[in-house]
Amino acid sequence: MPPSSSSIRKTVEAYLARHPGEREALSGLLAALDQPADVTARTTLPGHVTCSAVVIDRQGRVLHIRHRATGGLMLAPGGHIEPADRTLLAAALREVSEEAGIAPGALCLTRQLLGSPIDIDVHDIDGNPAKGEPAHRHYDVRYVFCLAGEEPPAIALQDAEVSGAQWLPQPEVTSPTLRAKLLQARLDGQPEPVNASALIHDGAGRYLLHLRDHKPGVIWESGAFALLGGGRTHDDQSLEATLLRELSEEVPDLRLEDLMPYAVEDATSIDGLSVPVRVFAGRWRGNPDRLRLHEGVLLHWFTPDELDRLRLSPATRALIRRHAAENPPDDGRAVAPPVWDGGDRVVLNGVGVHLHLEDDEGRVLLGLRHPDSKYAGDTWHYLAGRCEQESALACLVREAREEAGLVIDPADVELAHVVHVVDSPDSLPLMQLVFRAHRWEGTPEVREPDKCLTWKWWPTHELPDRLVSYTRTAISDIAKGRAFSQMGW
Numbered sequence: 429m430p431p432s433s434s435s436i437r438k439t440v441e442a443y444l445a446r447h448p449g450e451r452e453a454l455s456g457l458l459a460a461l462d463q464p465a466d467v468t469a470r471t472t473l474p475g476h477v478t479c480s481a482v483v484i485d486r487q488g489r490v491l492h493i494r495h496r497a498t499g500g501l502m503l504a505p506g507g508h509i510e511p512a513d514r515t516l517l518a519a520a521l522r523e524v525s526e527e528a529g530i531a532p533g534a535l536c537l538t539r540q541l542l543g544s545p546i547d548i549d550v551h552d553i554d555g556n557p558a559k560g561e562p563a564h565r566h567y568d569v570r571y572v573f574c575l576a577g578e579e580p581p582a583i584a585l586q587d588a589e590v591s592g593a594q595w596l597p598q599p600e601v602t603s604p605t606l607r608a609k610l611l612q613a614r615l616d617g618q619p620e621p622v623n624a625s626a627l628i629h630d631g632a633g634r635y636l637l638h639l640r641d642h643k644p645g646v647i648w649e650s651g652a653f654a655l656l657g658g659g660r661t662h663d664d665q666s667l668e669a670t671l672l673r674e675l676s677e678e679v680p681d682l683r684l685e686d687l688m689p690y691a692v693e694d695a696t697s698i699d700g701l702s703v704p705v706r707v708f709a710g711r712w713r714g715n716p717d718r719l720r721l722h723e724g725v726l727l728h729w730f731t732p733d734e735l736d737r738l739r740l741s742p743a744t745r746a747l748i749r750r751h752a753a754e755n756p757p758d759d760g761r762a763v764a765p766p767v768w769d770g771g772d773r774v775v776l777n778g779v780g781v782h783l784h785l786e787d788d789e790g791r792v793l794l795g796l797r798h799p800d801s802k803y804a805g806d807t808w809h810y811l812a813g814r815c816e817q818e819s820a821l822a823c824l825v826r827e828a829r830e831e832a833g834l835v836i837d838p839a840d841v842e843l844a845h846v847v848h849v850v851d852s853p854d855s856l857p858l859m860q861l862v863f864r865a866h867r868w869e870g871t872p873e874v875r876e877p878d879k880c881l882t883w884k885w886w887p888t889h890e891l892p893d894r895l896v897s898y899t900r901t902a903i904s905d906i907a908k909g910r911a912f913s914q915m916g917w
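As numbered in the working numbering, residues 429 to 917 make up the sequence shown, in order.
Hints are computed from structural coordinates only; laboratory data are not their basis.
If a hint is listed, it holds; no wrong ones were tucked in.
Listed next, with one range per pair, are the computed distances between beta-carbon atoms:
1. E754 to V725: 27 to 33 angstroms
2. Y803 to G724: 26 to 32 angstroms
3. P689 to V835: 32 to 38 angstroms
4. P756 to R791: 35 to 41 angstroms
5. H508 to Y803: 57 to 63 angstroms
6. S650 to P838: 53 to 59 angstroms
7. H889 to R829: 29 to 35 angstroms
Result set (DSS-like, lysine-lysine): computed pairs, CA atoms no more than 27 angstroms apart in a straight line:
8. K802 to K884
9. K884 to K908
10. K643 to K438
11. K879 to K802
Don't be surprised by glycine CBs; every beta carbon is placed ideally from N, CA and C.
Given these sequences and hints, build the entire structure.
Spelled out as structure tokens, the structure:
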């Protein structure tokens, strides 16, 4: 079934939100979408929708083919929508495959445009008495793709409709409207990840996988186990922001620790496009049965030895096994020993202290941990430490002096937030106390270079991507006036 008028209107309105000056030029298309006729059918007059594929190689050149039907004009591959085309984008992919022999798997979306059209061109078509076609109008929706591989694929022309092909520099693109938008977008043809996924592990050899709904043609990797995550949107400021948004939509109660970029995985979209996926590794040790799951069927822990039993993409299977080989089970956290007191089982909780400092501009102090740190290497974190045989305030004052050369009077400190963290039912729960100091002496300096590389003041609305998860939670909740949060329970 071809795309509906309502879905096309949604695409057009999103395009006009980026190009409001073109609304009058597209008034005929908007009027056609209000009519009962199928605007994708070539028999719909006085105009109908067509689709084109703008393919850019690694040198920034754009593929043009010589269409016989246009008298030999050099244009981007494109044409009419067929009944089997599920979306406008799918129609553009089919056209470039038919006319130039470039399969969808050789192409990927660009970060700048994602799955949105770069241009909607309106042009008049002369009548063709031989086919019984009167003069009419095409509303050509144009999508941009870059090559997934280093070298351009071999061109296999559709002889019946195409007589030649050429890669043209962007300033020589034949369509004026397309040329202007390409030059404005500054597309260089270099593929980059446009999706983000989470490789979630418990530090003890288990990996959390998501069983997707079985809806072929609608859901990517339908009915299979996969990593949590999804596609970037135009509103996402980074791929980590994409992942955090997707997790909040799919599993709102899930909070990951040590979230860091790990690898790029090659996947295939519903339309057959190549999709580079930025995979972030993060740790969590909770019970997935206690999580609210808004999308998919279930979440479950698996060991690498169990993966062959699952319907799982080979790339994801290989990625998990690679991570497992590089990170042998060693959680780095103490196991909570049971204490028996009068017949009742008491589980000990560890206590960590953290210093929340804000300067006169409202920026918060964070330190970049050494890459070789056993915990959160190459990641930003509060000035922090584990309580020894001492009070929490005494620990805070000691750590501030030892790590950053800051002198703090306990009288100038207040408890700002508590994060209760647990990674798994048998690991040591941690009560992370975050103290705010209103006054201090000294300028932050690196006193323990084997633990911290640098100190920096960060605006709370521009925190670094590589930031310990519960630190990010604490900073956000402190700004909202919340005193308590919990993660992993």
